[in-house]
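Student: Each chain, written out:
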Amino acid sequence: MLSLTPEETTAILLSLKVASVATLGSLPFGVLIAWLLARKTFPGKALLDALVHLPLIIPPVVTGYLLLLLFGKRGPLGSWLAEIGIVFAFRWTGAALACAVMGFPLLVRAIRLSMEAVDPRLEAAGRTLGAHPALVFLTVTLPLSLPGILAGVVLSFARAFGEFGATVTFVSNIPGETQTLPTAIYTFTQVPGGDAQALRLTLISIAIAAVAILLSELLARRSARRVLG
Amino acid sequence: MLSLTPEETTAILLSLKVASVATLGSLPFGVLIAWLLARKTFPGKALLDALVHLPLIIPPVVTGYLLLLLFGKRGPLGSWLAEIGIVFAFRWTGAALACAVMGFPLLVRAIRLSMEAVDPRLEAAGRTLGAHPALVFLTVTLPLSLPGILAGVVLSFARAFGEFGATVTFVSNIPGETQTLPTAIYTFTQVPGGDAQALRLTLISIAIAAVAILLSELLARRSARRVLG
Amino acid sequence: DLLVFAAASLKTALDEIKTGQSIVPPAQVKISYAASSALAKQIEAGAPADLFLSADLDWMDYVERKKLVKPGTRGTLLGNRIVLIAPAGSKASVKIAPGFDLAGLLGKDGRLAMADVNAVPAGKYGKAALQALQVWPSVQPRLAQGENVRATLLLVARGEAPAGIVYASDAAVEKNVRALDAFPANTHPPILYPAAQLSDSRHPQAAAWLAGLRSAAAKAVFAKNGFTVIAAHAATN
Amino acid sequence: MSLEIDIAHDYGGFALQAQFACAPGLTALFGRSGAGKTTLVNAIAGLLTPQRARISINGRVLADTGNGINVPPHQRRIGYVFQDARLFPHLTVRNNLLYGRFFARRDDDIDFGHIVDLLGIAQLLQRRPATLSGGEKQRVAIGRALLSRPELLLMDEPLASLDGARKDEILPYLERLRDELRLPIVYVSHAIPEVTRLADTVVLLSDGRVQAVGSVEDLTARLDLFPLTGRYEAGAVLNATLVRHDEAWGLSVLQTRAGDVMVPRLERALGTALRIRIRARDVTLALTPPTGTSALNILPGTVAELQPSSEGAPQVEVRLDCHGDTVLARVTRLSADRLDLQPGKPVYAMIKTVALDGGSLGGRGR
Amino acid sequence: MSLEIDIAHDYGGFALQAQFACAPGLTALFGRSGAGKTTLVNAIAGLLTPQRARISINGRVLADTGNGINVPPHQRRIGYVFQDARLFPHLTVRNNLLYGRFFARRDDDIDFGHIVDLLGIAQLLQRRPATLSGGEKQRVAIGRALLSRPELLLMDEPLASLDGARKDEILPYLERLRDELRLPIVYVSHAIPEVTRLADTVVLLSDGRVQAVGSVEDLTARLDLFPLTGRYEAGAVLNATLVRHDEAWGLSVLQTRAGDVMVPRLERALGTALRIRIRARDVTLALTPPTGTSALNILPGTVAELQPSSEGAPQVEVRLDCHGDTVLARVTRLSADRLDLQPGKPVYAMIKTVALDGGSLGGRGR
Ligand SMILES: Nc1ncnc2c1ncn2[C@@H]1O[C@H](COP(=O)(O)OP(=O)(O)OP(=O)(O)O)[C@@H](O)[C@H]1O
Ligand SMILES: Nc1ncnc2c1ncn2[C@@H]1O[C@H](COP(=O)(O)OP(=O)(O)OP(=O)(O)O)[C@@H](O)[C@H]1O
Ligand SMILES: [Mg+2]
Ligand SMILES: [Mg+2]
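Residue numbers (the numbering used here), protein chains in the order written: chain A, 1 to 229; chain B, 1 to 229; chain C, 1 to 237; chain D, 1 to 366; chain E, 1 to 366.
Treat the hints as calculated values from the structure; they're not laboratory data. Among these hints, one or two may not hold up.
As the list claims (entries may be wrong) - Simulated restraints on C-beta separations: (1) B:L218 / E:E180: 54 to 62 Å; (2) B:L218 / C:S199: 38 to 46 Å; (3) E:G66 / B:L135: 15 to 23 Å; (4) B:P76 / A:L135: 52 to 60 Å; (5) E:A130 / D:F102: 26 to 34 Å; (6) B:L218 / C:S93: 23 to 31 Å; (7) B:T41 / E:G66: 56 to 64 Å; (8) A:G25 / B:L48: 26 to 34 Å.
Claimed, not checked - Using 27 Å as the maximum straight-line C-alpha spacing, the simulated DSS-like pairs for lysine-lysine come out as follows: (9) C:K67 / B:K73; (10) B:K73 / C:K66; (11) C:K70 / C:K219; (12) C:K108 / C:K66; (13) C:K224 / C:K67; (14) E:K345 / D:K167; (15) C:K11 / C:K70; (16) C:K18 / C:K175; (17) C:K11 / B:K17; (18) C:K91 / C:K108; (19) C:K175 / C:K224; (20) A:K17 / A:K73; (21) C:K91 / A:K73; (22) C:K11 / C:K175; (23) C:K91 / C:K219; (24) C:K11 / C:K224; (25) C:K70 / C:K18; (26) C:K175 / C:K95; (27) C:K108 / C:K95; (28) C:K175 / A:K73; (29) C:K18 / C:K224; (30) C:K70 / B:K73; (31) C:K108 / C:K175; (32) C:K108 / A:K73.
All figures in this text were calculated on a predicted structure; none of them were measured in a lab. Yeah, the Cβ is synthetic: ideal placement off N, Cα and C, and Gly gets one too.
Looking at chain A on its own, in the form it has when it is part of the complex (with noise of 0.2 Å):
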């Protein structure tokens, strides 16, 4: 049962491919983004704060579809971007996007409530100890965030790792280059009879998805215990 097609294996490869690529390149504006949520006031905060969610709010074959419309050969950016080599569409780049906007709103809200956790007046310490602003980000808030930053790349991860929607819309199918697992899956329940497919390949997503989630826990307990003591 647990012997894999090459063509599954390959979309189990492409999946963590595309789902750590997706958390990890998300990671850095979910941090900008997370931090501009918690700390600064500015106008049109609240419009960025309902923007970030837009991706759980809107249907997933939604998202696919602006993204196509946005991303596309033919899109604004799509068109720019490929003038400078970046190309999203039908490309595992573009499931890699397809799952990092579709996880953002878990990164950027997991990280927001670290930050807003983090006490001021330690930033305020390291201010007067000499660090610019943005050292003190680095060197206080962030590392002192990091439970949040571990559960947002978690959450980001599972979530890319499962997901599909999007994905097919904005970048289809294609063997060896767009389809991941959840696509593979998807097909198999689409068939009469795959249940059983289907079942086994999504057994063996919740089996890697554990192992990471896992040891991000490992992560996160140690970080936790170096700051408990």
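Starting from the known structure of chain A, arrange chains B, C, D and E with the ligands on it as the hints suggest.
Tutor: Then chains B, C, D and E with the ligands, alone, in the frame of chain A:
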């Protein structure tokens, strides 16, 4: 463009009901599980942790299908619950269940993150003042986890408001009963020329969810101001 | 209420028929549109539906095998054709024939948009047709398979893919695509939309409503939406 | 109350090993930073479960690792003023104060308004802890612990960041709690004046070990403990009885075995038993009864012992026997030489009345 | 340094309004809990932006709301020991200590090892703050601020939870910083001995207003400020020069205008200018030069002023003029009456040498 058909009005109201019930209904369980994960060590904790994340990892269609198998009229849980008068299959309650399940990982993670940030020394102080640990939880831990609870509720609500794959698979797309806003949008995306309609409903959906998110932000800011002075 | 489970692609037509005058007996009708696969599994799980309108034969067979179809009520409601499409602005023109230069039409790095060739009916039919026409090997590595026909249509309409294969009914409504040619009916299994009353259906008007879908007025609506209306004699399929 | 403690706990790097019993009243825990005071107090409160522990109050066993007894903190009925205030940030000052009272569910014999006034926090009741000053937080924390109606009060440097005037208001109240409500108190402090004023028993901790346990009288008079208690604060404690008020001059007269001692007017009933602490540094010695000086108290006695404060120090500590009471005097070696102080030599101890003020006079527990 | 401050800030409910300039050296901020000390220090550090502010150090303007100048905290080069330690919980003690030094990017003329030893935290370097005791945290916080090589040091009750012995180690070091590195220090404290020992300027805050600014000498001798400075601690400060060591008896002789004063041996060079604080409570008055007593210091003078400590109090404060220097004595009304003290009357102030110890003697800044 914004004049709604009666069916759409129904779908919007139903979506609101489903998302609210899903979020509020899952909240106590979310709090409980978050607390277990944040504060307790017990055998099988890692398993529970992974389990909570499952709805993120599993494609929604598969989740919906599993719900159908479990909670359908013929399912093991569904038939048992039917005896005590609780029916999920093809009812709005089922849509709420599906949404609750899909939003659960987000709810739990956010609450847990905030709970882990609550200073255990404050809880200790509560205990020395004669409060039973359960009361300390209610009077100290829980209020101090409010940011996470609000964030979790927002994420879960937004997710519920956008959930479609599991819902349509579990309880179908029956107007007035299980046709929520996202499933209505889905239907439009499935017919040629339905794009404009789909987009229109998406915008409505975004508008409603945005209002909900902004309200929650106001609430969060107010409660933060109370704590920070 | 009369509850109809219908494939999502039938929405436009069915909504018009439902609200149209005297096409079907006036009744409180609710139609749940979803993927045929989902609907079939829900019926299997005991959904309280009266009628099932599937977008392909396989899922109706699946339901029938489970003895959930009221004997004697199954019939073919509609037919469809698959066509080769290109973006509306495309200058391409091809005639579909064995060995036709489909790969050339895609250009250097263009992709052929299709619905999932293993799972979604339109994809399965398209694959069969391309195999029959012996062009399958030349385009197989260059497919972009969508979740469903709508995704395929979208890719071509947006110009992301220079060509695609969709139902004629879809191509007929989407202004941003142009049908280049239809695949000959003999290159793929017949594309049929079966309909049946379900065995648990108790609604008194279910049968009459199903019959109404086969009325001339209904057929006119279906035809308008690009479906092929199946002759009465084939209805026993 | 009697508090019996036998605790061993090892953090890895620091080991606490403490065994002692205290008399009723106030027990002062005294020791240098890092000596293990907070650790010990946490163990009594039940917030730390030591590797080995036997703790009992008045025979009520709170913890006994041998028998697996470990009463949870909320059932110990112990009020704890933490070294860090630990106010609940989400509650107003009022609700912080009422928190413990609510859960204590006992009769209200401690008056909310009174405590609020005593601590000077009436105008803060609607505020939240985040905006309070350091001392304000500390005062609220004291109020919160008092209002929980504990049966034992643990105070970990409760007055550390309060000004002298505020201390002078709070200390008498603690004395009253100790005496009138017979509330046992364990009090951690670095400030000897507080300790000696309040304490019935002093526990000296050093590096996790109990260095000495005893009455204030004993410990502060023990010359060998000066390195721990501090030379500056050395002194002797006399038991006294209030025998007379001198309304005209605002003075009270205390009777001790050493002789009558005049102190600033005390608001106590005649006959009250008191403790009076005479710091060695405040005692001037004279060979003849001095006249024409402002020092009102002149106690005759004989030199019992001379001991240099430390190797080569310029002072010596002189222990006097004044009719059975011990009085300590600290004088320079030069003076000792000039006065030719020797054991057995009769001398007069001069003590200014104003040196015997708030910090030196404590009501005597029981 | 000269620190010039003009600040107005209103929290709503509490308003701070402070304008003063201080001389070089150490400025003590003194005031009751809630007086606004931390608020003022925060404004100097730039952590609070007051509604109106003009702050300058040595002419360098740190904030001027009029001109829109507001130097951000990290550019103010101000070291701040917070009232709460505020250590970084995710860093080891070592990295907490090195944090400021890293960002200060200056020459290492403050030695890491030396400070660590001075503060007694060498064995804590690998630990994280969560496991430190209260006093240990405070010491690490002091070290962290010192190692950031500030140009101004703000210390908000830095020694509040330290034991006396530790204080006695840290205070001389602060004195050295002040004198040798000419590091200006603003020091918040409730402990008068610390303040008088260290301070060149004292700023008395009360309810958000500056009540008095001046040299230690002036302020501690001003009878009207006793309600704020505290009666117990009243005393006068004399400027003195170290003129002789008496090696045999371990004493040093200081010359003041009032006369020679013997104190326990000082490890200072002859000729050093010093300050000596004589607490009013330690001064005994006599009408004739006393003989045969252990008090080594006898300063002749005349009564300049008598003032009851407060309405109906049993003591009076007596200001003596001793050849131009002011000496304060506190005696009971009874004694004042018996000795018939009147302005102009010649008297002798007796002061024990042992009363003039660490807490009373401070090196004089500049
Ligand atoms: N954010 C704030 N909002 C309202 N009032 C405040 C705020 N911060 C401080 N206060 C008040 O301002 C006053 C001065 O506070 P500050 O912290 O400066 O006092 P402090 O002199 O340092 O006292 P302590 O010795 O107790 O630390 C206090 O009464 C305090 O309650
Ligand atoms: N969790 C811990 N792990 C390791 N060492 C610890 C831990 N908690 C405390 N210690 C150490 O135990 C010793 C005693 O700590 P404790 O807090 O009891 O001291 P303390 O007497 O209260 O000191 P202070 O007067 O400074 O508050 C300290 O050296 C401290 O570093
Ligand atoms: Mg401690
Ligand atoms: Mg303060």
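Student: Work down the list of hints and note, for each, if the structure agrees.
Tutor: Now for the hints, and whether the structure bears them out:
| no. | hint | verdict |
| --- | --- | --- |
| 1 | B:L218 / E:E180: 54 to 62 Å | holds, 56 Å |
| 2 | B:L218 / C:S199: 38 to 46 Å | violated, 54 Å |
| 3 | E:G66 / B:L135: 15 to 23 Å | violated, 54 Å |
| 4 | B:P76 / A:L135: 52 to 60 Å | holds, 58 Å |
| 5 | E:A130 / D:F102: 26 to 34 Å | holds, 30 Å |
| 6 | B:L218 / C:S93: 23 to 31 Å | violated, 60 Å |
| 7 | B:T41 / E:G66: 56 to 64 Å | holds, 59 Å |
| 8 | A:G25 / B:L48: 26 to 34 Å | holds, 30 Å |
| 9 | C:K67 / B:K73 | holds, 17 Å |
| 10 | B:K73 / C:K66 | holds, 16 Å |
| 11 | C:K70 / C:K219 | holds, 23 Å |
| 12 | C:K108 / C:K66 | violated, 48 Å |
| 13 | C:K224 / C:K67 | violated, 34 Å |
| 14 | E:K345 / D:K167 | violated, 37 Å |
| 15 | C:K11 / C:K70 | holds, 24 Å |
| 16 | C:K18 / C:K175 | holds, 25 Å |
| 17 | C:K11 / B:K17 | holds, 25 Å |
| 18 | C:K91 / C:K108 | holds, 16 Å |
| 19 | C:K175 / C:K224 | holds, 15 Å |
| 20 | A:K17 / A:K73 | holds, 23 Å |
| 21 | C:K91 / A:K73 | holds, 18 Å |
| 22 | C:K11 / C:K175 | holds, 18 Å |
| 23 | C:K91 / C:K219 | violated, 34 Å |
| 24 | C:K11 / C:K224 | holds, 13 Å |
| 25 | C:K70 / C:K18 | holds, 22 Å |
| 26 | C:K175 / C:K95 | holds, 21 Å |
| 27 | C:K108 / C:K95 | holds, 20 Å |
| 28 | C:K175 / A:K73 | holds, 20 Å |
| 29 | C:K18 / C:K224 | holds, 15 Å |
| 30 | C:K70 / B:K73 | holds, 20 Å |
| 31 | C:K108 / C:K175 | holds, 26 Å |
| 32 | C:K108 / A:K73 | holds, 15 Å |
Violated hints, listed in ascending order, are 2, 3, 6, 12, 13, 14, 23; each of the other numbered hints is respected by the structure.
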